[in-house]
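Chains as they are written, first to last, in the working numbering: chain A, 6 to 117; chain B, 6 to 117.
Since the hints were made in silico from the structure, they are not lab data. Heads up, some of the hints might be wrong.
Same chains, same label: a pair holds when it works inside one copy or across any pair of copies.
Stated by the list, open to error - Derived pair list, reagent style DSSO-like, types lysine-lysine, alpha-carbon separation capped at 27 angstroms: (1) K44 to K31; (2) K13 to K31; (3) K49 to K13; (4) K13 to K84; (5) K50 to K31; (6) K49 to K31; (7) K13 to K50; (8) K84 to K49; (9) K84 to K31.
Number of protein chains: 2
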Amino acid sequence: MMDLDTLKFDDRGLIPAIVQDADTGKVLTLAYMNRESLKISLEKKLTCFWSRSRQELWLKGETSGNYQHIVELRADCDKDALLVRVRKDGPACHLGTDSCFDGNPIYESEED
Amino acid sequence: MMDLDTLKFDDRGLIPAIVQDADTGKVLTLAYMNRESLKISLEKKLTCFWSRSRQELWLKGETSGNYQHIVELRADCDKDALLVRVRKDGPACHLGTDSCFDGNPIYESEED
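With the hints as extra help, turn the sequences into a complete structure.
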């Protein structure tokens with residue numbers, strides 16, 4: 006397993022974390038972790054982020070019940086981004102949709 | 006389609022873009038776009054990013070031949086992150102691997 010001390014957090018102390026449904030492959034959310042939320046995520050095996058809007062630790066599901074159980078957590082080649090594969094107890098998005106990327110299309114190929 | 010003027014770029018003028026293989030669902034890369042690289046991406050239907058290390062526009066595949074053809078591009082609920090589903094001509098990672106997330110495991114559940 007990778008040495009966590011080699012992870013690159015940005016000047017705000019954050020690292021972006023892509024959350025992906027481990028079963029469907031659907032990308033659910035892009036959120037941010039700081040060192041403490043990453044530590045909590047690894048201890049609890051539940052996603053914990055740093056909320057940039059509320060400026061506080063955010064254990065996903067703590068209020069909604071929609072916890073995300075971590076199946077796998079990896080860093081990318083540059084060690085400045087995380088991929089978190091999860092099994093989720095409910096919708097990932099605060100709007101109630103399965104994924105935060107279910108709205109707002111910008112381009113769709115006709116061939117797809 | 007979404008109004009691009011409502012997208013939220015950060016104080017560096019960047020928005021993170023998750024690149025996902027449209028066929029396999031595999032997450033390939035987390036990269037960053039500025040307004041110009043997004044415009045080029047939409048015009049060419051090929052991923053174009055802003056390289057933070059080189060501080061220049063980066064048309065993925067221009068040197069390697071490993072272009073990423075955009076199938077779908079969406080923003081998230083907060084409009085501060087992008088998901089780009091692509092068909093790729095070759096490996097996404099500069100290390101030659103399929104995805105930038107093929108190395109650096111931090112946690113793997115035993116049940117998976």
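Going down the list of hints, with the structure as the test:
Taking the shortest alpha-carbon separations for K44 and K31, both the intra-copy value of 25 angstroms and the inter-copy value of 25 angstroms come in at or below 27 angstroms. For the identical chains of this complex, K13 and K31 are neighbours both inside a copy (26 angstroms) and across copies (23 angstroms), given an alpha-carbon limit of 27 angstroms. In this assembly of identical chains, the alpha carbons of K49 and K13 lie at most 27 angstroms apart only when taken from the same copy (22 angstroms versus 32 angstroms across copies). When the C-alpha separation of K13 and K84 is checked against a cutoff of 27 angstroms, the pair qualifies both within a copy, at 6 angstroms, and between copies, at 25 angstroms.
Taking the closest pair of Cα atoms, K50 and K31 come within 27 angstroms of each other both inside a single copy (19 angstroms) and across two copies (22 angstroms). When the C-alpha separation of K49 and K31 is checked against a cutoff of 27 angstroms, the pair qualifies both within a copy, at 23 angstroms, and between copies, at 25 angstroms. In this assembly of identical chains, the alpha carbons of K13 and K50 lie at most 27 angstroms apart only when taken from the same copy (21 angstroms versus 31 angstroms across copies). Taking CA atoms no more than 27 angstroms apart as the test, K84 paired with K49 passes inside one copy only; the shortest distance there is 22 angstroms, against 29 angstroms between copies.
Proximity of K84 and K31 under a CA criterion of 27 angstroms is satisfied in both settings, with 22 angstroms inside one chain copy and 18 angstroms between copies.
The structure is consistent with each of the numbered hints, conforming to all of them.
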